[in-house]
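A.B. asks: The listed protein sequences correspond, in order, to chains A and B.
Number 67 in the numbering used here belongs to position 67 of the first sequence; there are no gaps in the numbering.
Number 449 in the numbering used here belongs to position 449 of the second sequence; there are no gaps in the numbering.
Since the hints were derived computationally from the structure, they do not count as laboratory data.
Even for Gly, the Cβ is constructed at its ideal location relative to N, Cα and C.
Treat each hint with caution, since some may be false.
Below are the BS3-like pairs computed for lysine-lysine, each with C-alpha atoms no more than 25 Å apart in a straight line [said to hold, decoys possible]: (1) B:LYS4 / A:LYS284; (2) A:LYS93 / B:LYS451; (3) A:LYS310 / B:LYS732; (4) A:LYS238 / A:LYS355; (5) B:LYS1063 / B:LYS980; (6) B:LYS995 / B:LYS933; (7) A:LYS140 / B:LYS537; (8) B:LYS269 / A:LYS310; (9) A:LYS92 / B:LYS451; (10) B:LYS974 / B:LYS995; (11) A:LYS284 / B:LYS2; (12) A:LYS164 / A:LYS192; (13) B:LYS537 / A:LYS267; (14) B:LYS680 / B:LYS732; (15) A:LYS284 / B:LYS275; (16) B:LYS334 / A:LYS267; (17) B:LYS544 / B:LYS461; (18) B:LYS223 / A:LYS310; (19) A:LYS90 / B:LYS461; (20) A:LYS92 / B:LYS461; (21) B:LYS501 / B:LYS526; (22) B:LYS526 / A:LYS267; (23) B:LYS103 / B:LYS132; (24) B:LYS728 / B:LYS680; (25) B:LYS945 / B:LYS957; (26) A:LYS310 / B:LYS334; (27) A:LYS13 / B:LYS482; (28) A:LYS284 / B:LYS223; (29) B:LYS680 / A:LYS284; (30) B:LYS495 / B:LYS620; (31) B:LYS477 / A:LYS13.
Calculated from the model, a selection of chain A residues having no Cβ within reach of chain B, i.e. all distances over 12 Å [claimed, not checked]: (32) ALA19; (33) LYS93; (34) GLU136; (35) LYS144; (36) GLU158; (37) CYS161; (38) SER169; (39) ALA191; (40) LYS192.
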Amino acid sequence: MGTLILQDGTVIKGNSKGAIGGYEGEIVFNTSMAGYQEILTDPSYAKQIIVMTYPEIGNYGINDTDFEADKPNLVAMIAKNFCAHESHYKSKKNITYYFKENNIIALDNIDTRSLVRKIREFGTMSAFITSNDVDEDFIKQKIKQIQKFKTNSTLLNEVTCKKKYKYNSTGKIKLAFLDYGAKQGIIQALAKRDCAVTVFPADSTAQEILDRGYDAVFLSNGPGDPADYKYQIEEIKKMMGKIPIFGICLGYQLLALASGAQTYKLKYGHRGANHPVINLENNKVMMTSQNHGYAVKTDTLAKYVRPTYKNLNDDTLEGFEISSMDVYAVQFHPEAKPGPTDASIIFDEWTNLMKRNLKNVKEVEYEKQSS
Amino acid sequence: MKNKALKKILVIGSGPIVIGQAAEFDYAGVQACRALSEEKIEVVLVNSNPATIMTDEKIASKVYIEPLTVECLSEIIKKERPQGLIATLGGQTALNLACELDKTGILKEYDVKILGTDIDSIKKAEDRELFKNLMQEINEPVPESEIVSTYDDALKFKERIGFPIIIRPAFTLGGSGGGIARNEEEYDLIVHTGLAQSPINQVLVEKSIAGFKEIEYEVIRDKNDTCITICNMENIDPIGIHTGDSFVVAPSQTLTNNEFQMLRSSAVKIIRALKIEGGCNVQFALDTVSNQYYVIEVNPRVSRSSALASKATGYPIAKISTKIAIGYTLDEIKNSITGTTAAFEPALDYVVVKIPKWPFDKFSSGDRILGTKMKATGEIMAIGRTFNSAFKKAVTSLEERFCGLLNRGFEKLENNELLKELSIQDDRRIFRLAQALFNGNDVDMLHQITKIDNWFIEKIKEIVDFSIALTKEILDKDLYLKAKEMGFLDEEIIKLTNASKETLESFNTEVSFKIVDTCACEFSAKTPYFYSAYGEKCELENYKDEAKENIVVLGSGPIRIGQGIEFDYCSVHASMELTNQGFEAVMINSNPETLSTDFDIATRLYFEPMNIENVVNIIKKEKPKGVLVQFGGQTAINLAEKLDALGIKILGTSLNSINAVEDRNVFEKLLEELNIPQPKGVAVKSIPEALSAAKELNYPVLVRPSYVIGGRGMQVVYNDDELLTYIKEAFKFSNEHPVLIDQYLEGQEVELDAVTDGHDILIPGICEHIERAGVHSGDSMSIYPSQNISRKNEKILVNYATKIARRLNIKGLMNIQFIIKDDKVYVIEVNPRASRTVPIMSKVTGIDMVEIAIRAILGKSIRRAGYGVGLYKKSNLVSVKMPVFSWQKLNRIDPALAPEMKSTGEVLGIEKTYKKALYKAFLAGGYKFSSSKQRVLVSLNDHCKQQALPMVKRLFKQGFFIMATWGTHKFLEKNAIPSKMIEKFMIDKLQKRMKDGRLSFIINTPTTGKNSQNAGFQIRTIAQIYGVPSFTSIDTASAFLKAYKVFDKKTPLEYDTITNYRKKKFLDFIR
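Produce the entire structure from the sequences given, and follow the hints as far as they go.
C.D. replies: Here's what the structure looks like:
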C-alpha cells in the first residue's frame, strides 16, 4: 500500500506498482488516452508526479522505439489501473517492470477522477509520494515539508545533455539546438526536414553558437518555471536579431521573457493531447499536444511581437512571432508524441524559413571541420 | 458564420426501423431539428416512420409522415420551397434519396442546396470505384479489390487473389447482401445475392484481411477545413464481423500512441480529401504485427457508430454536424456539456463497452453465424471506470436470464469440443471464450483460435479467475468491494459464494456515481450524465437540486423485435412532461442509439443496465417521489414487482393491477366479474396439464408464455403433435411463470390505446387490424379510424375499456386488444402500460397521450386535459400502419406471419380515404407497383382455400397471371379461375423468374409451422433474397390488391403535414 500526500493535507492510499521509496514533486494531470510511454520519458515532467486521467494504463507494454529521452525524469505516475498483462507485438516489458527498473514510484487503484478534480479546484500542488504505508506523524511532518517544495534553475542541469552532440549531420540546414530537456520527437522532426542538428547543453553561451555560423537556433521544451532561468534568458537576448530563433514550450516562454514579456503560472496547466489552438491568421483550429504549467501574459507582449496562436479553451497565448528579428515560437508541441500530429506543419513552415537563410557552403564546411 | 439565407430546411429521416438502420437516426434527426430550431430555422421533416420522436410536431415545424420516395419528396419540395436539404442525418436511406433527387434535377430547379456534405463527396465515399481512386490519389491503402457487375468478372478476380474474399454490395445498408466466401460455392451464392440487392447491381470483391484489428474513427470537419476526431473505437472482434455485430470498446485499448495517431491522421486526411462538412466515420483494418493498415470503409454521414461515439464521449455529433451544415465553423460552436469550445477532442476517464443485441433468442431457427452482414436489432452500452467493470455491466445490460459470463450451457461441453466450437463466430462466442478460460486453456492458444487480441482475453480471464476466487475465498469486505468494482452483481456473488444477502449488506459498501463530461474532469460540467462505480467518490451531490422532487423514468433497454423505438418515444415524452410539471426527471437506460440517452433530455441521465440492482442503486441515491414503469416496455414492467417488494413507490397503475392482467387466473376472474367475454383459456405449468387443457378447449388453440415481449414463443397449434413442439419453448420463455393455453378465435382483431386517471378514460381512437386474429398485432397492418366496426360494437369496446380501467384503477396508459367474432366482442389482452401504437395514435389524433398520462399519474383529472372523456371524435384522415421486416438480414427465418412478432419497424400511410392510405402504406413499406403485370404465384393451404377465393378472383380480374401449385390449381379450376399449374415448387425455375423480375409477388399461406424443409418455406426465403413480396395472409394480399387498384387508376396522391391532415376535417366540413 503506497501513499500520496498533498500540500492541502489530502492523503490518498493506493497499490504500489513501481519502485520502492518516496519523493517530493509537483502533482499534475495528463488527459491523453494513449502515449504513456512518451509521457514517461518527456523530460519536461522532471520533478513531477503525473496523474493519468485515462484509467487503463500500460495496455501495450513498453517498447524500444517510443521513448522521448533515454530515461524518465518524472517522479511518479498514478493511474486507476496499471495493466498486468500487456499485449502488443512491439512490447518488450510490462510497465510496472519499467517503473521498478527506472526508480519511478507508481500507485494505482486510486480514484484518479476525484484527485484530478482536487487539482483542478485547488490548482497544481506539491506532494509527497511513497511506496509505503505511512503513519499520521509522518504525514503531518511531510505536509509541512512539501509546502516549501519549489524547483529552481538547477533543474535544467538534470535534463539537458552533458555535452554537445550531432544528429543527422548530413542535413542541409545547419541548426543549433539548445537542449533544455528536449523531447527526441522534436529533434527527429527537424532532422526529417533536412536539418543537421547540433545539440547544445543548456548552459552553452550565445557566443559559441553565433561564432559557428549556424542557419538558425532552436530552443527546446523543458521543465520548471521559465522565470528561474535567468542565465538562459540573457544568452537568448544576445542572439535575438542576429540569427533566426525558433522555440517550443519552454523555449517559447524563454523567448517571450527575453523579448520583455512576462510569464505566469497556470492554475493547473495544460497537459493532454486534445488542446484546441486557433491560428489567428486563418482561423483554422488544430488539435495540439500540450504540456506546460506556465503561460505568457498576452498583454505584456511588446508592440513588435505578433500573437500567432491562441488556446480556444482558455484564450491563453499559444504562439507569437517577431518577424523583424526572425523569431518564431509556439507553446504547444508540434512534434506531438503523444498526441495528434496536426501541428507538424509548423515544422514545415519553420524549416522553410530556415532554408531562406541558408549560409553559403564555405561556412557550412567550416562548421564541419570545427566539430 | 451561419448562412443567414437559410430560413427553411428540409430534413429527410431514415424511414422504418430495420436491421442496420435503427433508432440512432431518430436520435440524430431530433438533435438536428433541435439545433435548427435553436437557430430559428423552420424545419420541414419527412419520415415514413410514425414511431419516431422526430415526427412529433414538437420537434419540427412541419412534419410529413409520408413515404420516402423521390416522387413524394419532389412534391414536398415544390410545395415547401426549402432553401436547403440535410441528407446526412437520415442514414443510407436519406443519402440515397438525396442522390436520386439530385439526379432528377429537382434540387436545381427549385434551388435547394444540399447542406453540409455535398453530393459529389457523398458519391466519392459511397461509390466503390470512385472511393478507391481517391484513396490511391492521396496514398491511403485499401485492400486489393475490384468492382464487378457480373459473376464472370468476379470469377476473374478470384483467380487472381484466391479465397477468402469479402463481397460488399454497393449502396446497401448494414452491408446487406454481403459476406465472406471461403470457397466457390459460397462465392457463387453471395456474389449473386449481392448483385441482386445492390440498387446499381454492383458488388465489391475484396481480398479478405480477416484477423486484422478493426478500428473506427469518428471525424468532423467544417468549411474552414478544421478537422477533429471525436473518438476512436476498437472492435473486440477482429475484422470479419460487421462492426454493428461486434463487441466494441472506446477508446481503443491496444493501440500505441503512434498507431492511434497514424490512423487518426489518415482519417483526417480522408475527410479533407472528401471535403466532407459534418460528421464522418472511417473504418480501418490494422495488422497485429506491423504498421500496415487499410482503409475499409467511409460513411460520409452520421451513423450508428457516431451515435455510439456521441454517447461514449458526451459529444453530440449530429447536433454539431447540423450547425456546420448551416455555415458555422467548429470554433464558433460551444460544447454544451462544459461551455468551452466544440472544437476539441473529448478525453475519456472511463471505458465504454458496446454489445449488440441479436434476435436469435426469438428466432431459434435463425442462422447465428456473424459475418459482414449485420444481424443485430439493437445494442447496449455500458460505462465503467475500468474495462472489466464496463464489460461486466455491458453483459448485464443484455437483460438475459444469466448475468455472468459462465454457466451459459457451455460448461456441459467436453473441453476439446468447446475449443472446436470456439472457432464459430456467432453471438455466443464470448461466453464460449469465458468457459474455455474457466477450463484453464492457454490465452495464446485461445487467441490463435479466435484472433481476439490477447489483451481482451486476459481481461476476460481476470473476470473468470475472479469468479473462481469468489467460490474459494471467504467473502469479506475487501473481496466484496473488489467484486463490485469489477462489476459483479450481488445476485451473482451470492450464487458464487453462498453468502446471504444480509452478509453483503453488512459490508455497507456504497455505490457512487461518476460523470461523463467530455473532458476527463479538466473543466467543470454543466449537463453531464452518470454511471456507477465502487470505491470512489460520488459526484452526484453537485448536480442534484435537493429542493426539487424527482421522478425516475425507466427506459426500455436495447431495441429488439417487439420492443422498439416507440418506448423511447414514450420515455422521452414522459421525461419532458415531468420537467414541465416542475419535477426533476431521472432517466435510466442502457441503449446508446436512442434519444432518451441524449445528455439533455432528462434532468439527469444514468447510463446503467436495466437490472434491478443497478436501478435500485440509483433510486437509493436519488430518493425519488416514485418510479414510472409504464413507459419502458416490458423491460420496465418486469422490474415493477421487485421494486415494489423493496418498498419503492411505483407511480401510476399499481403493481397489483399490473399483476392482475398478467396473471391468467386473476385476469379471467376479473373479466368474468365485469361481465366481459374472453376466449376460454387455462394457465398451465406442465405438459400433461397443457395437453388436457387443449383437449378441453378444442383445437386450434393459442399457446403463449406470460410476461414476455412481442409474443415470444407464441403459436397457434392445431393438434397434439404441434402442441408438444411449441409448449417446451413456451415454458423456456416463461421462466417461473405459467404458460397460457387459449381457445383460438379467428375473428376481426381490434385494438385501442387509452389514457385514464382511474375514473375517466380518454380513448383517442380505435384501430382495426387488416389481418384476422392469429397474427401478432405488431406484425399486422392496422387502420385508424376503424372502418368496419359498428356503432354498437364501438360502444361496447369503450364500455369494456372503461370498466377495466376503473376496476383496476389504471393510472396512465393502457392498451386493450379485442376480437370481434360473429358480432361478439371478446377481450384478449390488456397491457397496463404504453404500447407500440401510442406514438401513432398521438400523432393521428393530435392528443399527446404520454403528456396526459403523466398528468393523470400526478393526480390531475383526465377531464381537465381538454379532450373530453370516452372515445375522441374521429379524424377525417385515414392512416394505415404497415409493419416492416428485416428478412434480408436474417437467414433461415420463415417470413410467415404468426402470433409471434417478427417485424422490426413500421411505416404509416396517411390519406383522406382508406384506399389511398393503404396504397401509401405499401409505397412507404417499399413495395413496388408496376403497370406491366407479371405472374403471381398462389399456393394455399386447405384451411384457407375457401376464404381466399374472393381475393384470387380479384387477382385475376386485376390482370395478374396466376401460377398455382397442384392443389390450389385444382381448387381454382373448380371455381372457374384460370391458372397455370406448376410442379410442386420448381424452386430453380421460380428463383430465375424472381431474379429476372418476372414474378410480381407470391401468395403462400403456410402449412404447419417452422419446418424449414418444406417447400413453402424455401420459396418464401428465396423471395426475401430477391425482394419479391410474399404474402402469407390472405388479408394482406387482399389489401395489396386494393392498393394496386389505386395505382392502376393513377389516382393522384396528396402529400401534406400531419397537422394539416388533421385540420382538413374542418376545412372539408366548411366546404
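A.B. asks: Taken at face value, is the distance from the CA of LYS284 (chain A) to the CA of LYS680 (chain B) at most 25 Å?
C.D. replies: This hinted pair is violated, its Cα atoms lying about 73 Å apart.
A.B. asks: Take a quick look at whether LYS93 (chain A) and LYS451 (chain B) sit within 25 Å of each other, Cα to Cα.
C.D. replies: 22 Å, holds
A.B. asks: Are LYS284 (chain A) and LYS223 (chain B) close enough, with their CA atoms no more than 25 Å apart?
C.D. replies: 10 Å, holds
A.B. asks: Just want to verify: LYS144 (chain A) was marked as not at the interface with chain B; is every Cβ pair farther apart than 12 Å?
C.D. replies: 26 Å, holds
A.B. asks: Is ALA191 (chain A) truly not at the interface, in the sense that its beta carbon sits beyond 12 Å from all beta carbons of chain B?
C.D. replies: 17 Å, holds
A.B. asks: Taking 25 Å as the top limit, are the C-alpha atoms of LYS92 (chain A) and LYS451 (chain B) close enough?
C.D. replies: 21 Å, holds
A.B. asks: Compare the distance between the alpha carbons of LYS310 (chain A) and LYS732 (chain B) with 25 Å, and conclude whether the hinted pair is satisfied.
C.D. replies: 63 Å, violated
A.B. asks: Check the non-interface label on ALA19 (chain A): least C-beta distance to chain B beyond 12 Å or not.
C.D. replies: 24 Å, holds
A.B. asks: Straight-line Cα separation of LYS92 (chain A) and LYS461 (chain B) no greater than 25 Å?
C.D. replies: Since the Cα atoms of LYS92 (chain A) and LYS461 (chain B) sit roughly 22 Å apart, the hinted pair holds (cutoff 25 Å).
A.B. asks: Decide if the proposed pair is consistent with the structure: LYS1063 (chain B) and LYS980 (chain B), CA atoms, cutoff 25 Å inclusive.
C.D. replies: 50 Å, violated
A.B. asks: Keeping to a limit of 25 Å between CA atoms, is the pair of LYS995 (chain B) and LYS933 (chain B) held or broken?
C.D. replies: Holds, because 16 Å separates the two Cα atoms, which is no more than 25 Å.
A.B. asks: Within 25 Å, alpha carbon to alpha carbon, are LYS334 (chain B) and LYS267 (chain A)?
C.D. replies: 23 Å, holds
Hint compliance for this structure: hints 3, 5, 10, 17, 21, 29 are not met, and every other hint is.
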